[in-house]
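Given next are the chains, with one letter for each unit.
Number of protein chains: 4
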Amino acid sequence: MSALPKPDAGAPTPAEAVKDLMLAHDAFSRWLGVAVAAVGPGYARLTLAVRPEMLNGFGALHGGVTFAAADTAFGLACNSHGRQAVGLSVTIDYLEAGRPGDLLTVEAREESLKHKIGVYQVRVSNQHGTVLALFKGTAYRSDKEIPV
Amino acid sequence: MSALPKPDAGAPTPAEAVKDLMLAHDAFSRWLGVAVAAVGPGYARLTLAVRPEMLNGFGALHGGVTFAAADTAFGLACNSHGRQAVGLSVTIDYLEAGRPGDLLTVEAREESLKHKIGVYQVRVSNQHGTVLALFKGTAYRSDKEIPV
Amino acid sequence: MSALPKPDAGAPTPAEAVKDLMLAHDAFSRWLGVAVAAVGPGYARLTLAVRPEMLNGFGALHGGVTFAAADTAFGLACNSHGRQAVGLSVTIDYLEAGRPGDLLTVEAREESLKHKIGVYQVRVSNQHGTVLALFKGTAYRSDKEIPV
Amino acid sequence: MSALPKPDAGAPTPAEAVKDLMLAHDAFSRWLGVAVAAVGPGYARLTLAVRPEMLNGFGALHGGVTFAAADTAFGLACNSHGRQAVGLSVTIDYLEAGRPGDLLTVEAREESLKHKIGVYQVRVSNQHGTVLALFKGTAYRSDKEIPV
Numbered sequence: 001m002s003a004l005p006k007p008d009a010g011a012p013t014p015a016e017a018v019k020d021l022m023l024a025h026d027a028f029s030r031w032l033g034v035a036v037a038a039v040g041p042g043y044a045r046l047t048l049a050v051r052p053e054m055l056n057g058f059g060a061l062h063g064g065v066t067f068a069a070a071d072t073a074f075g076l077a078c079n080s081h082g083r084q085a086v087g088l089s090v091t092i093d094y095l096e097a098g099r100p101g102d103l104l105t106v107e108a109r110e111e112s113l114k115h116k117i118g119v120y121q122v123r124v125s126n127q128h129g130t131v132l133a134l135f136k137g138t139a140y141r142s143d144k145e146i147p148v
Numbered sequence: 001m002s003a004l005p006k007p008d009a010g011a012p013t014p015a016e017a018v019k020d021l022m023l024a025h026d027a028f029s030r031w032l033g034v035a036v037a038a039v040g041p042g043y044a045r046l047t048l049a050v051r052p053e054m055l056n057g058f059g060a061l062h063g064g065v066t067f068a069a070a071d072t073a074f075g076l077a078c079n080s081h082g083r084q085a086v087g088l089s090v091t092i093d094y095l096e097a098g099r100p101g102d103l104l105t106v107e108a109r110e111e112s113l114k115h116k117i118g119v120y121q122v123r124v125s126n127q128h129g130t131v132l133a134l135f136k137g138t139a140y141r142s143d144k145e146i147p148v
Numbered sequence: 001m002s003a004l005p006k007p008d009a010g011a012p013t014p015a016e017a018v019k020d021l022m023l024a025h026d027a028f029s030r031w032l033g034v035a036v037a038a039v040g041p042g043y044a045r046l047t048l049a050v051r052p053e054m055l056n057g058f059g060a061l062h063g064g065v066t067f068a069a070a071d072t073a074f075g076l077a078c079n080s081h082g083r084q085a086v087g088l089s090v091t092i093d094y095l096e097a098g099r100p101g102d103l104l105t106v107e108a109r110e111e112s113l114k115h116k117i118g119v120y121q122v123r124v125s126n127q128h129g130t131v132l133a134l135f136k137g138t139a140y141r142s143d144k145e146i147p148v
Numbered sequence: 001m002s003a004l005p006k007p008d009a010g011a012p013t014p015a016e017a018v019k020d021l022m023l024a025h026d027a028f029s030r031w032l033g034v035a036v037a038a039v040g041p042g043y044a045r046l047t048l049a050v051r052p053e054m055l056n057g058f059g060a061l062h063g064g065v066t067f068a069a070a071d072t073a074f075g076l077a078c079n080s081h082g083r084q085a086v087g088l089s090v091t092i093d094y095l096e097a098g099r100p101g102d103l104l105t106v107e108a109r110e111e112s113l114k115h116k117i118g119v120y121q122v123r124v125s126n127q128h129g130t131v132l133a134l135f136k137g138t139a140y141r142s143d144k145e146i147p148v
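Chains as they are written, first to last, in UniProt numbering: chain A, 1 to 148; chain B, 1 to 148; chain C, 1 to 148; chain D, 1 to 148.
Bound conformation, chain A alone:
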């Protein structure tokens, strides 16, 4: 019944701020169409539906799309502490082919966080729980704060 806002209504956490920054202003992620299921300090979970325009010439999910989804989760997780971070070195292993109609879950977890460096692992799984790809990313953390 009160019209008063809660004290911190509208004050996003750093993790939420980076989500807005990375997804709302990022045409590539919009094209990709990832949906953020959860984001928090050092963590992000996305979902992605595999659409026909994401297939490669062999009819399987394009490795570049798998990478981009994992890279987006990595970006959310490594920027979630409120300092701007950039990817330095990334490796991805493709375990199983993604298929049209798959609903992917993309989960990034922080393995290590130091002053200048963070390390993250990302798993891309399908609706049956099969892991399609393992992604590991090392990020460099700048001193620039992400505007909240």
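Keep in mind the hints are simulated off the structure, nothing from the lab. Mixed in with the good hints, there may be bad ones.
No copy is singled out in the list; a pair is fine if it fits within one copy or between any two copies.
What the hints assert, rightly or not - Here are the simulated SDA-like pairs of lysine to any residue, each with C-alpha atoms no more than 20 Å apart in a straight line: (1) Lys19 with Glu53; (2) Lys144 with Leu32; (3) Lys114 with Asp143; (4) Lys116 with Leu95; (5) Lys144 with Gly59; (6) Lys114 with Arg51; (7) Lys19 with Val36; (8) Lys116 with Trp31; (9) Lys116 with Lys144; (10) Lys114 with His81; (11) Lys144 with Ala60; (12) Lys19 with Phe58.
Place chains B, C and D on chain A using the hints.
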């Protein structure tokens, strides 16, 4: 003066066949807009103009786009021998940020080719010759031939 | 009370056979001094005490020793199914420095096993449970059987 | 005929100082037995003779030894500018097996050098010029100077 076609006019090499397969039938690569400058056994060179919709939330070239361009060159090079190959494990290092308006050159070279495994390095450079990213990919070569 | 051997006493499993092959006949692993705590299908766990001769010029555990310990666990795990396997591509991330006197646990787990390819992750931790390194290895599985 | 020292005799360059630090005080590198053929800013070249105690259980050069030799060249190159640097993330691809009696050349080249990060590629080749392994390393450069 002859209207007769040469016996093998229009008979593409395996490298050309894979180029058609991978680019003409691959919506993701079409979205990317890479242009193939050269393709041959174990080799591919592409160009890519960085468009506004390829930027990330910080205004720099999205790492997923850089990866996808390199991955496309890798795919062309590792499939160029006429047998279907898939990426197993890939690593990418980001050296410098790409910028809007950059014209990228993406060059894939074969480092090793064995019966079942091929290894490739890809360099992504801008119009000033600055290397933006180093990409290394290991491919598994199946026994399936690519239709010519 | 019986002097009769159990029916299969002395018949090692493939995982045990590969352990003998890799450690008893492998001078480098002997120099390293790893102890096998457990080995089974797709799995291996080792321990290693950090000795003075394993330090680098800065007094910390040499990255080459960390790698070698992880590589040994990877080798045991990927050969544990009884077919000879070789490492194709490996990546290692160094998270924390190892110190003289540390007692390391090195654990390899199988992430994926296919006819020709296996993928493994290895964690190297110290006696406090701190993860010092993450290692990911892709192995090519030949058709040669490991003699039992 | 002169007994006077040259003006800067005994004043090693940073690259030479790091060579002394890393090899003379590093028991693991001594065990390895690498010989430094050349070292300079962002560059190092070593040689290594493959001895029987470097073989794995299959009679080929142990991947851990190949890695350690490449890691030593990486360490020399990334520390050669006089600031202490540590490896963050490394990837190695094994292309061909090394054999007993091989004489290896291990060459590290700088791909990128920034304030905090350096990226290096290392090639390990045998006496026939065949590349046995490709190694790529990302180093974090601290502010600590290496004592000259």
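Hints, one by one, checked against the model:
no. : hint               : result
1   : Lys19 with Glu53   : between (25 Å within a copy, 18 Å between copies)
2   : Lys144 with Leu32  : neither (27 Å within a copy, 30 Å between copies)
3   : Lys114 with Asp143 : both (13 Å within a copy, 16 Å between copies)
4   : Lys116 with Leu95  : between (31 Å within a copy, 12 Å between copies)
5   : Lys144 with Gly59  : between (42 Å within a copy, 15 Å between copies)
6   : Lys114 with Arg51  : neither (38 Å within a copy, 26 Å between copies)
7   : Lys19 with Val36   : within (8 Å within a copy, 35 Å between copies)
8   : Lys116 with Trp31  : neither (31 Å within a copy, 33 Å between copies)
9   : Lys116 with Lys144 : both (12 Å within a copy, 15 Å between copies)
10  : Lys114 with His81  : within (12 Å within a copy, 24 Å between copies)
11  : Lys144 with Ala60  : between (39 Å within a copy, 15 Å between copies)
12  : Lys19 with Phe58   : between (33 Å within a copy, 12 Å between copies)
Checked against the numbered hints above, the structure breaks hints 2, 6, 8 and satisfies the rest.
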